[in-house]
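With the hints as constraints, model all of the structure from the sequences given.
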Amino acid sequence: MKVLAAGILSLLLVLHWKHGAGSPLPITPDNATCTTRHPCPSNLMTQIRNQLLQLNSSASALFIAYTAQGEPFPSNVDKLCGPNVTDFPTFHADGTEKDKLVDLYRIIAYLGASLGNITRDQKALNPKDQNLHSKLSSTADTMRGLLSNVLCRLCNKYHVSHVDVSYGPDTSGKDVFQKKKLGCQLLGKYKQVIAELVQAF
Amino acid sequence: MTLNLRTKKIYPTGYFIKYLYKMLTLWTRIVQASFIFLATESIGVLLDPCGHISPESPVVQLGSNFTAVCVLKEKCMDNFDVNADNIFWKTNHATVPKEQYTIINRTASSVSFTDISSLNTQLTCNIYAFGQIEQNVYGITIISGLPPEKPKNLGCIVNEEKNMMCQWDPGRKTYLETNYTLKSEWATEKFADCKAKRDTPNSCTLDYSPVYFVNIEVWVEAENALGKITSDHINFDPIDKVKPNPPHNLSVRNSEELSSILKLAWINPSIKTFIGLKYNIQYRTKDASTWSQIPPEDTSSTRSSFTVQDLKPFTEYVFRIRCMKNDGKGFWSDWSEEASGITYEAKPSKEPSFWYKIEPSHTHGYRPVKLIWKTLPPFEANGKILDYEVTLTRWKSHFQNYRVNDTKLTVNLTNDRYIATLTARNLVGRSDASVLTIPACDFQAAHPVTNLKAFPKDNKLWVEWTASNESVNKYILEWCVLSDKSPCIPDWQQEDGTIHLTYLRGNLMESKCYLITVTPVYDDGPGSPESIRAYLKQAAPSKGPTVRTKKVGKNEAVLEWDQLPVDVQNGFIRNYTILYKTALGNETAVNVNSSHTEYTLSSLTSDTLYMVRMAAYTDEGGMYGPDFTFTTPKFAQGEIEAIVVPVCLGFLLTTLLGVLFCFNKRDLIKKHIWPNVPDPSKSHIAQWSPHTPPRHNFNSKDQMYSDGNFTDVSVVEIEVNDKKPLPEDLKSTDLFKKEKSSTEGHSSGIGGSSCMSSSRPSISSSDENESGQNTSSTVQYSTVVHSGYRHQVPSVQVFSRSESTQPLLDSEERPEDLQLVDNVDSGDGILPRQQYFKQNCSQPETSQDISHFERPKHVSSVSEEGFVRLKQQQISDHISQSYGSGQMKMFQEISTADDFGPGTEGEVERFETVGMETAIDEGMPKSYLPQTVRQGGYVPQ
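Quick note, the sequences are listed as chains A and B, same order. Under my numbering, the first residue of the first sequence is numbered 1, with each subsequent residue one higher. Under my numbering, the first residue of the second sequence is numbered 202, with each subsequent residue one higher.
Any given hint could turn out to be false.
Restricting the straight-line Cα-Cα distance to at most 25 angstroms, the calculated cross-link-like pairs of lysine to any residue (SDA-like) are [to be verified]:
| id | chain 1 | residue 1 | chain 2 | residue 2 |
| --- | --- | --- | --- | --- |
| 1 | B | Lys473 | A | Asp141 |
| 2 | B | Lys479 | B | Ile495 |
| 3 | B | Lys391 | A | Pro41 |
| 4 | B | Lys391 | A | Gln69 |
Don't read these hints as lab results, they were simulated from the structure.
If you want it as structure tokens, here you go:
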């Protein structure tokens, strides 16, 4: 089943993510050839930090917007939206910059895929909630940019051309409440993790 | 293209068919059938192009060379019997010169063009079928243009949460369809292209907001048929090109504690969550048009509120704000919506302007004083003025308080000196007191300002003056519009005692005359006012002056006009211009000082119509009044009198001198024109002798004629007893004799019958010598008049001979007789007589009228004495008869004349009387004289 779920997630990523964004990178030896379309900027790490700040600054608003879609979520946020996400990539804040960047890449890839599922579900469940949609879209775009920067850094500096990533559960076959509950749990986890990442970088 | 070419191909074939049909009418049916067959065959062949041009759709660069090749098909060449030599080229229906052709081989011909300059050229390959029929083979369109230039100056702007727009300079015009594509990519992925629209080839907008903090590389690719070129790549972080959304929900709030501050608050754009912002805050008062800006260093960091200080109390301010990334990268946002707020009130910052007027109606012991003051302007009131408090102090201890909401207060004051104070109150507090001294009735104002001037500047009316030496508390400036139609309603303002130059802060109007009065106010009361007139802005007068003539002379005219009313002056009248001209002459302009109200036009032409118009000029222009005409008289005043009076006086003087002269020379005149006629009644025979020479000298013919009637009359004085010879008379006799002989005996002899009875010439001539001898006892007293009238020879010789023996009277020897004659002369009119005698003198031949002598013939039977009288009567009668009734008529006319009528008539009567007296004096029945007068109008001489 896990293999099947991973395959479905990969398919979703292909459908909803733009080409190249969040695609799993193979971990290659440091001396392996890794090229980008143009050189990375010198302030790349600053940009990564700013992107994390940007995501962090908007995470709460996104979570609130998500939970504001109606009961029972507003009154049972802790129960329904607790950050109980299994298989969430781990982050080692005490690692090297390369390790942190690899962890970051895995986390953002996971979150990106999950955010794609949430966006798909919410467009179906709450088609008129433009505020939530725009926040989800903006967060997803920022994660794309963050992945690009992390990849550019890993590639140019650490010559890492591939990173194995994992994705969250597929919600397409679940009922509406489960979709909303899983989405809310993921956004709660995202709000928690992004704050840790900001601190780590 | 193919269809078009087919049409062209068929069209000449149709002509060909028509041509063949024409031929068929002449040729045989067999020939006709053959041609139809051939034509059908030809059409079938021509539907398939005879050849083609290579290249098919060329696009060439302007100014470059181009070569096209036309290749004929073998089948077509056989059908039409043509080859490459028969190919000719056309561009836009014009045949290309054969010098540009190149025969490549039997089937191909090329044409070359250098320096292509036309953007679109139709090029066709043609042949002459059968050597004469023009046939189009193929055609192409040559499109010319330029390759795109490298786009320059590429730049992008990221509109927060909206899009990213990039602009560039596309370079020269290509004349071709050129695509401009904006390309963008991250380091790890490429984005979709943004194709510029045809109408905006210099920009393209990405319909999504780029991700911040990820460098994006952007460039422009320009491509058309002639080439493709790419601009320089730019690589940037979109956050550094962002144009944030403007801050919104700007609000303004005042503080009750501080009347000089306002607190601003706003909501920042969402981008502020991950970038720092800086701001521009601008403000202005509500009525102002220019903005003031908070110093940028005070707003260089992200914030959502700001307190603006140093504002005026109770003043409405308007604010706006914008933001941008605080590191200066990127673009300023648009301005936010404006928000306004009013600062809190403060106590009035200045005392009100305070003045007074004493009303004209006085009651005994009291005077109504109208206290007036100005509302404080908002920037001095610092709030809403609730009321004013007026205090009047007559002595130091006597107060009168008034609380007034209006800006005036009328009080009845005694004639004493008063001190008035005024304060304005608002919600916060009171203003300082404005103090005014109202002097006693007997106060004498003095110390006026000097050098008072008023002038417009910057659309304001400025007033400047020099203060007197006294210490001035303040100045009161009053002004009003001077008008002939409305009274002067003054406005006023107050200035501090240190001010010497200010402008009038009222709603002044242009073209109005303002009377400005400056009154200094001293401690003891107002000083003497000084006034001046001024205009805020002058204009040309609304009306021109109406000119009229005050006096018109032969060569000059005095024009006068009234000063223009102040309502139409619109400015200071600087001068007048008088334009005058005749109907045909040039216009003459005269400038007249504005202080004049009349002017004398000189050097005018007499008896001429002049048109005059007059303009009044201010500094800004002039206005003409109505035209006016006048005519100069032909003569100057008194000129006629100056001519007529001297002429009349001269005439009168001349007449008077003539009269005096005539009076003084009356004797001489009388002698010439009215000589004394001897009175036969006074003659005496004793003194008369035929041999007595005449008393007058007849030696000369001139003398004879100068004597007038005496040419007709010869008086011979004969002294019968006197033997003494009288040589003169004898000479006269001789003279007559000579005349007689020279006139062939026309003169009569002495004695014998009367002249009438002896009128026969034979008698006279035959008895001439004898009579001279035989008439010693008779008296010859008559002279023969023998000349014709005006050289006419009388038809009948006239002889006048007296047969009387009565001696002539020697009247001339006797003074008394002469006196008598003189009296008669004096009683007779001069002119008639003169005329009478003159005519008689000039016409001595009138004696030819024989009838003149017939009357004496009838009286020839009277006595000797009567005969002598008859001699005189004959003379007179002769004269009288020569005029006859005509003379009487003349007398009558003269008698009716104004000057001479009565006198003449009286004289006529007097003649009669004199005649009668003469007759009486003689004591003889001498009734012939009056009879003669009555019968023939004879006037006694």
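(request) Against the structure, test the hints numbered earlier, and report the numbers of the ones violated in rising order. (result) 4
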